[in-house]
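Trainee: Which chain is which? The protein sequence lines are A and B, in order. To convert, note that position 80 of the first sequence is 80 in my numbering; the numbers rise steadily by one, no gaps. To convert, note that position 208 of the second sequence is 208 in my numbering; the numbers rise steadily by one, no gaps.
Calculated directly from the structure, the hints in this document are not laboratory data. There could be a bad hint or two in this list.
Claimed, not checked - If you only want the chain A side, here are some residues facing chain B, beta carbon under 10 Å, derived:
| # | residue |
| --- | --- |
| 1 | A23 |
| 2 | A35 |
| 3 | D73 |
| 4 | V76 |
Glycine included, each C-beta is placed from N, C-alpha and C at the ideal position.
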Amino acid sequence: MSGTVTKNGQPVFGAHVVAFDPAKGSLVGSFTLNAQGQFSINGLSPGPHIVRVEPIDDAEVDSFFDANGVDTDFRVAFSDRVVVVPRGGDSGPVTVTVVRK
Amino acid sequence: MRRFRAAVALWGIVALHVPAARAQSTGADPGRIELSAGALWVGHQALGSTAANATTSTGTSLRLFSTSSDLAGAAGFEGRVGVRLSHALVATAEASYSKPQLRVSITNDIENSTAVTAIETMQQFMIGGAVVWYLPYRFGASRVAPFVTAGGGTLRQLHEAATLVATGRYYQFGGGVTHLFASRPNRRLKGLGLRAEARAIVRQQGVAFDTRAHLAPTLAAALFARF
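Extracted from the complex, chain A is given alone in its bound form (with noise of 0.2 Å):
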């Protein structure tokens, strides 16, 4: 699964992606690790997933990133779209858009 995540219209560098699947249950998480806010999520189960994002907690994020640039000021958000994932394939672009806190 690829996608971006966008605020007012920009690229949001840092954010915490994760892909629910809820027919198994298992959560798998990524980060927008790209001045795009492009995020790739791999080894998921083909299947409908929920998709969410979150600001990286302010304390946790030096141990992920340089902390210049990375953007914490946004609110949790869910994409709008249950995004399938093909066996053995992307689910095409996916675009989050959060707002700030």
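Since the structure of chain A is provided, determine the placement of chain B on it from the hints.
Mentor: For chain B alone, kept in the frame of chain A given last:
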């Protein structure tokens, strides 16, 4: 076993018991073909609830949010080909198509995020067969005939953009009436009418977030032609 055989024999006798004159007036002779096409509405199916639990550094479970899923009711099309086995029994092959929405409601977020419903539109194909038994009663100058039906088949559900398919089985039972508008016993087209019915569809597998069978009420109406 004896009781079962007796029940089957009784059922056969009743099924075959339709006065010949009445059957002829509707073109309902054994071996005749019936074609029908129409609309159906497949009702909502609950697909269960799940919690998204993360495991903390201490090994305990932490609920991030909860989901409740369902396959929304949807209208669709249905076609059917039937062969008269007797005056009262018809064997049918049928296919239907609909586009239900898979809806996942997300609530109880640990950070109080606004509740959201994530949606995906699916394509659902059902292909199967059924047996229709016309009851030995008639209304409205013999033009309205009640029936009961039971059958089953295979289910194919395509996720959005046809990226993934989920397959399963379905079973159905129900009943309804046919209303014959026109009867022309001496023509190739023996009759035209309307068929209306209510069914319960029990679906196994396909898109589901649990292992249960899922029940959906279904309404259908179709125009039929008897040859």
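Trainee: Starting from the hint list further up, note which numbers the structure goes against and sort them upward.
Mentor: Of the numbered hints given earlier, those the structure breaks are 2 and 3, listed in rising order.
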